[in-house]
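Start from the sequences, fold in the hints, and give me the full structure.
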Amino acid sequence: NAGVTQTPKFQVLKTGQSMTLQCAQDMNHEYMSWYRQDPGMGLRLIHYSVGAGITDQGEVPNGYNVSRSTTEDFPLRLLSAAPSQTSVYFCASSLLGTGDTDTQYFGPGTRLTVL
Amino acid sequence: GQSLEQPSEVTAVEGAIVQINCTYQTSGFYGLSWYQQHDGGAPTFLSYNGLDGLEETGRFSSFLSRSDSYGYLLLQELQMKDSASYFCAGPGDSNYQLIWGAGTKLIIKP
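Residue numbers (this note's numbering), protein chains in the order written: chain A, 1 to 115; chain B, 1001 to 1110.
Bear in mind the hints are in silico, worked out from the structure with no lab data behind them. One or more of the hints may lead you astray.
Output of the computed footprint for chain B on chain A, the stretches with three or more beta carbons under 8 Å from beta carbons of chain B [to be verified]: (1) 37–43; (2) 51–59.
Label-pair ranges, simulated between beta-carbon atoms [claimed, not checked]: (3) B/L1051 / A/F10: 36 to 44 Å; (4) A/A2 / B/T1057: 22 to 30 Å; (5) B/S1067 / A/T5: 35 to 43 Å.
A virtual CB, placed ideally from N, CA and C, is assigned to each residue, including glycine.
Right, here's the structure in full:
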């Protein structure tokens, strides 16, 4: 049982490049989400999914796309990278997704730098 | 808007007790969660309060007062390994969205 896995762990992009951050979980969780974490700002929700085929926007969705074709995978796409997207990205999953009652399990994070 | 406020930094001595406060403004409040994050690591779940009062889990306790829009995390018998950032989190615009405080960095001195 690997829990939540993310790849890559580190990535450097040039402005304008696109890329996909991968996230997978093997706990059969319905709910998955993507956060970004910037110094002194805590975690901010980018997108989330309550099940395969269902996604929705969080607080800071601009510049990011997601899809959920399987229960296990929830990739995050950066369409055209900008320096403001330099951050640490965390993927999380939980059993049901009822945010305040459901324990969130986090992946190890992807540290992204956009030059 | 919805927000959770925490002190940015708290300093305590090894073996002592420390309290980390969280005050919140959210439209529909159901409960408060606490997470721990070591430097370079991922957040991990510590505690959840769905009702007013105190929840105890080993050396960690968490308290919630919904009438005061206030909660806290209490860490007892502090150990050096407790040096980390601590985040409170609560429901956002929908129950499927969590919003987070900015985190409190706990510094423990020997």
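Establish whether the coverage given for the region 51–59 of chain A by chain B is satisfied; the threshold is a Cβ-Cβ distance below 8 Å, and no fewer than three residues must meet it.
-> holds (count 3)
Is the hinted range of 35 to 43 Å satisfied by the C-beta distance from B/S1067 to A/T5?
-> holds, 42 Å
For the region 37–43 of chain A, do three or more residues have a beta carbon lying closer than 8 Å to a beta carbon of chain B?
-> With 4 residues closer than 8 Å to chain B, the region 37–43 of chain A meets the three-residue bar; holds.
Supplied distance hint 36 to 44 Å, evaluated on CB atoms of B/L1051 and A/F10 = holds, 42 Å
Between A/A2 and B/T1057, is the Cβ distance one that fits in 22 to 30 Å?
-> holds, 25 Å
Checked against the numbered hints listed earlier, the structure breaks none of them; every hint is satisfied.
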